[in-house]
Amino acid sequence: MAGLKLVHLYKRYENSGKKKSIQNNYAVNDLNLECAQGEFLALLGPSGCGKTTTLRMTAGLEDITKGDIYIGDTRVNDLAPKDRHIGLAFEDYAMYPPMTVYENIAFNLRAKKVDKNEIDRRVREIAPLMQVEDILDTMPVKLSGGQKQRVNIARAIIRRPELLLMDEPLSHLDGKARQAMRVEIKRLINEIKCTTVYVTHDQLEAMSLADRIAIINFGVLQQVGTPAEVYDNPVNEFVASFIGEPPMNIMETKIIKKDGNFFFTFEGSDLNIHVPERYYSVIEDGFKCKMGVRPMDLLIGDENSKGTPERIATFENLGDERRIGIRVGNTLMMLITENERRYKSGDIIRLEVRGEKTHLFDLETGNRIREK
Amino acid sequence: MSRITLENIHKTFGKVKALDGVSIDVKDKEFFVLFGPAGAGKTTILNCIAGIAMPEEGVVKFDGEIINLVETAKRNVAMVFENYALYPQMTVYDNMASPLRSDLYRQNEDVIKERVYAAAKMMKMENLLERLPSQLSNGQKQRVAMGRALVRTPNVFLMDEPLAHLDAKLRNAMRTELKEMQANFGTTSIYVTHDFMEAMSLGDRIAIVNQGKIVQIGTPDDIYYLACNEFVAQLMGDPEINILSGLLRKNGDNYSFLSNGSEFVLPADAALMNKLAAYDGKSVDIGIRPQHVMYSFSKDAGYRDYQVYSYESIGNKSVIEAYPAGHSGRGDTHTHVRMIAPNGLTIKIDQLIYIDFKLDHTMFFDGSSKEFIGCYNEAGIRALSAGKEEA
Amino acid sequence: MNKGSKRLLTITQNGLLFIYAIFALFPLIWMVLLSIKSDTQMYTTTFNFTPTLSNYTEVLLKTDYFKYLLDSLIVAGGAVIISVIAGVPAAYALARYDFKKKEDIAFQILSFKFAPEILVVLPLFMIYQTLGLYDSYFGLIWVYQLISMPLLIWVVRGYFEDISVEIEHAAQVDGYSWYQIFFKMLLPLIKPGLVSAALLAFIFAWNTFTFPLLLAGSKIQPITVAITKFLGTDTAHYGQLAVAATVSALPAIIFALCIQKHLVRGLSFGAVKG
Chain U
361 MAGLKLVHLY
371 KRYENSGKKK
381 SIQNNYAVND
391 LNLECAQGEF
401 LALLGPSGCG
411 KTTTLRMTAG
421 LEDITKGDIY
431 IGDTRVNDLA
441 PKDRHIGLAF
451 EDYAMYPPMT
461 VYENIAFNLR
471 AKKVDKNEID
481 RRVREIAPLM
491 QVEDILDTMP
501 VKLSGGQKQR
511 VNIARAIIRR
521 PELLLMDEPL
531 SHLDGKARQA
541 MRVEIKRLIN
551 EIKCTTVYVT
561 HDQLEAMSLA
571 DRIAIINFGV
581 LQQVGTPAEV
591 YDNPVNEFVA
601 SFIGEPPMNI
611 METKIIKKDG
621 NFFFTFEGSD
631 LNIHVPERYY
641 SVIEDGFKCK
651 MGVRPMDLLI
661 GDENSKGTPE
671 RIATFENLGD
681 ERRIGIRVGN
691 TLMMLITENE
701 RRYKSGDIIR
711 LEVRGEKTHL
721 FDLETGNRIR
731 EK
Chain A
76 MSRITLENIH
86 KTFGKVKALD
96 GVSIDVKDKE
106 FFVLFGPAGA
116 GKTTILNCIA
126 GIAMPEEGVV
136 KFDGEIINLV
146 ETAKRNVAMV
156 FENYALYPQM
166 TVYDNMASPL
176 RSDLYRQNED
186 VIKERVYAAA
196 KMMKMENLLE
206 RLPSQLSNGQ
216 KQRVAMGRAL
226 VRTPNVFLMD
236 EPLAHLDAKL
246 RNAMRTELKE
256 MQANFGTTSI
266 YVTHDFMEAM
276 SLGDRIAIVN
286 QGKIVQIGTP
296 DDIYYLACNE
306 FVAQLMGDPE
316 INILSGLLRK
326 NGDNYSFLSN
336 GSEFVLPADA
346 ALMNKLAAYD
356 GKSVDIGIRP
366 QHVMYSFSKD
376 AGYRDYQVYS
386 YESIGNKSVI
396 EAYPAGHSGR
406 GDTHTHVRMI
416 APNGLTIKID
426 QLIYIDFKLD
436 HTMFFDGSSK
446 EFIGCYNEAG
456 IRALSAGKEE
466 A
Chain R
66 MNKGSKRLLT
76 ITQNGLLFIY
86 AIFALFPLIW
96 MVLLSIKSDT
106 QMYTTTFNFT
116 PTLSNYTEVL
126 LKTDYFKYLL
136 DSLIVAGGAV
146 IISVIAGVPA
156 AYALARYDFK
166 KKEDIAFQIL
176 SFKFAPEILV
186 VLPLFMIYQT
196 LGLYDSYFGL
206 IWVYQLISMP
216 LLIWVVRGYF
226 EDISVEIEHA
236 AQVDGYSWYQ
246 IFFKMLLPLI
256 KPGLVSAALL
266 AFIFAWNTFT
276 FPLLLAGSKI
286 QPITVAITKF
296 LGTDTAHYGQ
306 LAVAATVSAL
316 PAIIFALCIQ
326 KHLVRGLSFG
336 AVKG
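Protein chains in written order, with my numbering: chain U, 361 to 732; chain A, 76 to 466; chain R, 66 to 339.
Any given hint might turn out to be false.
Said to hold, decoys possible - Just the calculated beta-carbon pair ranges, DEER-fashion: (1) U:Thr725 x R:Ala86: 51 to 59 Å; (2) A:Arg206 x R:Leu90: 39 to 47 Å; (3) U:Thr460 x A:Ala113: 25 to 33 Å; (4) U:Gly398 x A:Gln309: 30 to 38 Å; (5) A:Ala113 x R:Pro181: 48 to 56 Å; (6) R:Ile324 x U:Lys472: 53 to 61 Å; (7) R:Leu90 x U:Lys473: 51 to 59 Å; (8) R:Leu73 x A:Ala113: 52 to 60 Å; (9) A:Lys433 x U:Lys717: 24 to 32 Å; (10) A:Ser444 x U:Glu612: 56 to 64 Å; (11) A:Ser373 x U:Asn593: 25 to 33 Å; (12) A:Ser444 x U:Asn593: 45 to 53 Å.
Read the hints as simulated data drawn from the structure, not as lab findings. Remember, it's a predicted structure, so these values are computed and weren't measured experimentally. Built from N, CA and C at the ideal position, the CB exists for glycine as well.
Please build the complete structure, drawing on both the sequences and the hints.
Listed below in structure tokens is the structure:
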């Protein structure tokens, strides 16, 4: 087992003579990333952000434009994929259709001319881990999506790779099968303790599985951190709105000073939110920026509350929780509550905001404005 | 604007029985949701109402009038299809205008323009009108499909999983938008979905469909709190409700519930205890929602020992799944217990966790038939559910 | 892969394509060259000749050449029109409706193309004689259906299958009758396939030789049959033959160029669908 280190990694696709493609457009742009031995790292971003390209470069399936990749202490830039000691589990389960599940799992070892008894021992060892004991003699066509993915992962880990690379392995599964498989992957990696890089566009998957998450957008690394860090402490507007469901409420605001205190005010709304004092050193009267607050940090006040009275635009009873939408200018600000009361749209509530949980983002760059 | 009634509808495709005696009665201007797993027959019900499918038995009525033999075009229904079914060769504008250009519903071009723009404004897609469907994202296609239905004043809006192909975030956002628009519809609507959040949020009433039959009809609160059997209880809610099987035993004045080697003394509730009397000494299942399971990382009085099976984020909160301490985590998943926790806890797999149940929030089901017996505070819940219906 | 080797690859690719193009075009070029040689130069392989249009005047002005051309046009065009009128609804039915032996019928239609023409033409000759269809436009158009109909039905059926049935349902809900749906919604969508299939059918019908040779006689002579006249009993007038062939190839080429856009899209579309 080994760690992974990406140093100043770049990738640019040569344009194939077509006028329209843009020059100097990097699919991966100066990526520096380290994944410690035994760590589970998720590469998270919207489609086309360069996360899969990064993974493919690591696997050796894609040329590196510039930069270095280290697996353990070895620089692997010039090594062929088969010499990198990696296991791959990709989005589309490319299984060999004429072979049984057993043969599919054993295929790589057979190719390496591993002793037959040893192969059998390893397959039998790994089958219960992935819960494929019962289907070893089945043909791939007869398998369900979840089973295929299990075989796929079994195939990847039987080589005892130094590094396991997974690219959206769950994207073909739906609903409950996906959730169940997610748990299984988590438990499996926990058991075999393999360094893993996992590519996904689903923030829930990343939040649930990873020790650390690297968020990428337009080929540029935005933030690396534990799930709690990226959720509570996003570095910019992109990360804040990408992580969490429903996403963070982010609205343009103008800060005004009243009686020595600062308040967020919003165009087209009488909502006033107290600015936390820790920001006082970086703001001034009339300061314009964006304010972000998570739906869980909005509260419904009781009769004595000092919160702003606000009209409910939408009320959704979801059983487990209730979601309330309030129009602030053009945006619909979402609030999540477990309060059992059934409101209806048009009702007035006293809206309280956990001011200390608000984030400020720069209007232009989207970067988080931090207290000094 | 009409009342839609289906009486004892049967429909088979070859040897497959798609609908087996379906009866529903949708009130005028009601937003009615058909909810159930894939392949339950929900879309077939819609198709019978639209006239796309012909039931072999039973009648479809619009405002009391039997319309079984009226062809689709003359039923004046508007439908949103799961795969949007936009006309690929026409621009968005022409797509939306198409119902108003047919012989039956023809309007002059000025009226069409006015209506299309009004619908486009409502769906926030004024800037897309000149595009072709192939140039649109899934979310935009969905808006167009919706807009095409909105330009008319039909007897009924039929919507077949309109949000199913959107990714989770967009789906939630669109659902909320739909909820906001709902007030302006003013038309009877029938909405098919397999997403319980859509069903709960949008439906005035929900009909649970399974294997071609209607299992339960009721308000969202009815379905959620008074599910008629375990199947329905498990459908509503994410994470799924915890079901524990065990034995009911009378213990002095109280009942206790024995499951998995531990005994739970049930809190008193006269109405419920009366119902449970018939089950003394018999097997019952209790259902308890994840938000009513309490956990602790230190051994508190009354808490039971469990081990963490998984810890997963579901958005703004997380779910812990745990199994009874000492058991193996694998297999035997029906002994697992799911509970709600905040995001960002440091939890290791297989670590010890202590659990207790808020027993005064449980539902009781018959151990063999899996039918609903009763729950705590049933009268209060019925009042809550009825209160919403009036509003 | 570095830039040098990439460039080399491009050069090699283009070179190979160029060689293939010469190979493919050679018969055509040779035919055009023949048509402007005089009979005396015909057998010289050296490349010294004076272009002459005498073959053209001979063929186009002094024979019934345009009558033959018109016959071909009537027969091939008529065949395609009938195929479209009958084949498109058939393709729709095969694509949309479920009925007994559907696949068998579809295969039966395709199998018309399997039998070698020479094999079926003799019994047909007898039948045509009896029915009085011999040497008539109608008779030829009818027998040409064996060539054009299966092709058209199979291509267009694929296109119908690709249109989701919900689009028709949506149009029904919108208040359109079935005929309106067919002409307003479906026809525009199958147009690329229909056009390319019809064009191919036209070319096949235009080129067919066995059927008109044996089922038509003196009154009707499509160009493919008429060309053989230039093979006289004593000598073969290769120059005139080449002129006749060149001119008769023109309509198909002009057609193909006009609807090239549809053709490429239509054929590749079908290919992807497989």
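Okay, the hints, checked on the actual structure:
no., hint, in the structure
1, U:Thr725 x R:Ala86: 51 to 59 Å, "55 Å, holds"
2, A:Arg206 x R:Leu90: 39 to 47 Å, "42 Å, holds"
3, U:Thr460 x A:Ala113: 25 to 33 Å, "29 Å, holds"
4, U:Gly398 x A:Gln309: 30 to 38 Å, "37 Å, holds"
5, A:Ala113 x R:Pro181: 48 to 56 Å, "51 Å, holds"
6, R:Ile324 x U:Lys472: 53 to 61 Å, "56 Å, holds"
7, R:Leu90 x U:Lys473: 51 to 59 Å, "52 Å, holds"
8, R:Leu73 x A:Ala113: 52 to 60 Å, "54 Å, holds"
9, A:Lys433 x U:Lys717: 24 to 32 Å, "27 Å, holds"
10, A:Ser444 x U:Glu612: 56 to 64 Å, "57 Å, holds"
11, A:Ser373 x U:Asn593: 25 to 33 Å, "28 Å, holds"
12, A:Ser444 x U:Asn593: 45 to 53 Å, "51 Å, holds"
Checked against the numbered hints above, the structure violates none of them.
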